[in-house]
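2 protein chains.
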Amino acid sequence: MYPLDLEKLIGYYQKLPGIGEKSAERLAIATLELSEDEVLDFSETIKNAKKNLTRCTICGHLTDQEICPICQDESRNHNIICVIEDYKSIFSLEKTGTFHGTYHVLNGLISPMDDIGPEDINLSSLISRVSKLNNPELILALKPTVEGEATTLYIKKILEDQKVTISRLSYGIPIGAEIDYLDNVTLEKALEDRKKISE
Amino acid sequence: MYPLDLEKLIGYYQKLPGIGEKSAERLAIATLELSEDEVLDFSETIKNAKKNLTRCTICGHLTDQEICPICQDESRNHNIICVIEDYKSIFSLEKTGTFHGTYHVLNGLISPMDDIGPEDINLSSLISRVSKLNNPELILALKPTVEGEATTLYIKKILEDQKVTISRLSYGIPIGAEIDYLDNVTLEKALEDRKKISE
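For the protein sequence lines, the chains are A and B, in the order given. Numbering follows our numbering, in which position 37 of the first sequence is assigned residue number 37; successive positions increment by one, without gaps. Start counting at 1 in the second sequence, then tack on 199, and there's your number in our numbering.
Isolated chain A (complex conformation) (with noise of 0.2 Å):
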């Protein structure tokens, strides 16, 4: 019913998450009505993106230089690691604008049940970056499943004889949240990691 190369189109937009059969025909017109300028070099876009973005050597981030610029940044604590499952945590984080440390992506979790132990993610690195440092503090932003808390708890035990202090990302209400409303688990991890306001 589409004309074939709008068909096309409309196919890689659904490849996109969240983009069904309705929405991927929107933006596969709307594609069209860009200018011939725009298209050429929204599709030269894709394709450098795709061929110029590779990984830091040092952290693990999506980066078009050999060493991203969150680890080239002298002004940042180098000695503060955030440890990431995956490279989209950090532009998040970074949106916060309140963390001056580094990065350092895993890409994966330990998951015995997926067959995907310590060796697979990128956790030498991580150690090696570590040992590397005087008395470094890391701070866990894993997410709480039991792959997050595996790999949480692995790296606690493979660090346990270096000075290095560790932390994790507290559990909690979310901002805005309805206590009513909460599932059991983070309403119990809330109680948990409970703070103190006053003695």
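Using 30 Å as the maximum straight-line C-alpha spacing, the simulated DSS-like pairs for lysine-lysine come out as follows:
{"#": "1", "chain 1": "B", "residue 1": "Lys355", "chain 2": "B", "residue 2": "Lys342"}
{"#": "2", "chain 1": "A", "residue 1": "Lys143", "chain 2": "A", "residue 2": "Lys195"}
{"#": "3", "chain 1": "B", "residue 1": "Lys214", "chain 2": "A", "residue 2": "Lys15"}
{"#": "4", "chain 1": "B", "residue 1": "Lys355", "chain 2": "B", "residue 2": "Lys388"}
{"#": "5", "chain 1": "A", "residue 1": "Lys189", "chain 2": "A", "residue 2": "Lys143"}
{"#": "6", "chain 1": "B", "residue 1": "Lys221", "chain 2": "A", "residue 2": "Lys22"}
{"#": "7", "chain 1": "A", "residue 1": "Lys22", "chain 2": "B", "residue 2": "Lys250"}
{"#": "8", "chain 1": "A", "residue 1": "Lys132", "chain 2": "A", "residue 2": "Lys143"}
{"#": "9", "chain 1": "A", "residue 1": "Lys15", "chain 2": "B", "residue 2": "Lys287"}
{"#": "10", "chain 1": "B", "residue 1": "Lys388", "chain 2": "A", "residue 2": "Lys22"}
{"#": "11", "chain 1": "A", "residue 1": "Lys47", "chain 2": "B", "residue 2": "Lys250"}
{"#": "12", "chain 1": "B", "residue 1": "Lys294", "chain 2": "A", "residue 2": "Lys15"}
{"#": "13", "chain 1": "B", "residue 1": "Lys214", "chain 2": "A", "residue 2": "Lys88"}
{"#": "14", "chain 1": "B", "residue 1": "Lys395", "chain 2": "B", "residue 2": "Lys294"}
{"#": "15", "chain 1": "A", "residue 1": "Lys95", "chain 2": "B", "residue 2": "Lys207"}
{"#": "16", "chain 1": "B", "residue 1": "Lys287", "chain 2": "B", "residue 2": "Lys250"}
{"#": "17", "chain 1": "B", "residue 1": "Lys395", "chain 2": "B", "residue 2": "Lys342"}
{"#": "18", "chain 1": "A", "residue 1": "Lys157", "chain 2": "A", "residue 2": "Lys132"}
{"#": "19", "chain 1": "A", "residue 1": "Lys157", "chain 2": "A", "residue 2": "Lys143"}
{"#": "20", "chain 1": "B", "residue 1": "Lys214", "chain 2": "A", "residue 2": "Lys22"}
{"#": "21", "chain 1": "B", "residue 1": "Lys221", "chain 2": "A", "residue 2": "Lys95"}
{"#": "22", "chain 1": "B", "residue 1": "Lys287", "chain 2": "A", "residue 2": "Lys22"}
{"#": "23", "chain 1": "B", "residue 1": "Lys221", "chain 2": "A", "residue 2": "Lys143"}
{"#": "24", "chain 1": "A", "residue 1": "Lys143", "chain 2": "A", "residue 2": "Lys196"}
{"#": "25", "chain 1": "A", "residue 1": "Lys22", "chain 2": "B", "residue 2": "Lys246"}
{"#": "26", "chain 1": "B", "residue 1": "Lys207", "chain 2": "A", "residue 2": "Lys47"}
{"#": "27", "chain 1": "B", "residue 1": "Lys394", "chain 2": "B", "residue 2": "Lys362"}
{"#": "28", "chain 1": "B", "residue 1": "Lys287", "chain 2": "B", "residue 2": "Lys388"}
{"#": "29", "chain 1": "B", "residue 1": "Lys246", "chain 2": "A", "residue 2": "Lys51"}
{"#": "30", "chain 1": "B", "residue 1": "Lys214", "chain 2": "B", "residue 2": "Lys342"}
{"#": "31", "chain 1": "B", "residue 1": "Lys294", "chain 2": "A", "residue 2": "Lys8"}
{"#": "32", "chain 1": "B", "residue 1": "Lys207", "chain 2": "A", "residue 2": "Lys15"}
{"#": "33", "chain 1": "B", "residue 1": "Lys246", "chain 2": "A", "residue 2": "Lys88"}
{"#": "34", "chain 1": "B", "residue 1": "Lys207", "chain 2": "A", "residue 2": "Lys8"}
{"#": "35", "chain 1": "B", "residue 1": "Lys287", "chain 2": "B", "residue 2": "Lys246"}
{"#": "36", "chain 1": "B", "residue 1": "Lys214", "chain 2": "A", "residue 2": "Lys8"}
Keep in mind that the hints were calculated from the coordinates and are not lab data.
Use these hints to put chain B onto chain A, whose structure you have.
Structure of chain B alone, referenced to chain A:
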């Protein structure tokens, strides 16, 4: 904060309708996660869609041929022409599967407010199509706005000396809507266009 190529890609996704900053970021990253072959083909598809798609010389529909498959289709009733503002409506109308006539895309509506007159939209080719047919039927599927009404009136007037049946889509309550929440104008139209179901 984003690598340049990613930033640019996010920018292009944000140009598309209904895509905010957060979604654009998600789409751009998902694009990076496609395979290299897919990315190259996606990039080509965007370029080709813009390059190869043009308008049917008869009805104005989007097509990669000189004459679109609907106008070429001998099994359709070429004596019935559904008149629409925009080719996008063809995709929706075709999905109903119940219309077997042909289309005519006006590429706009008469709008004195915006200085758009009959000569600024694809009307003269409609008149010439109609004049070559034997007692044709025009179905006006234009939106119920001032511009839609102005265009409807103009078409009615300019064809008043010709043997042509003209109808418009019915206005009324959309299926699934709560009558309590309908706007006044829709209710008024639904009353006006009420259909006798028994005498």
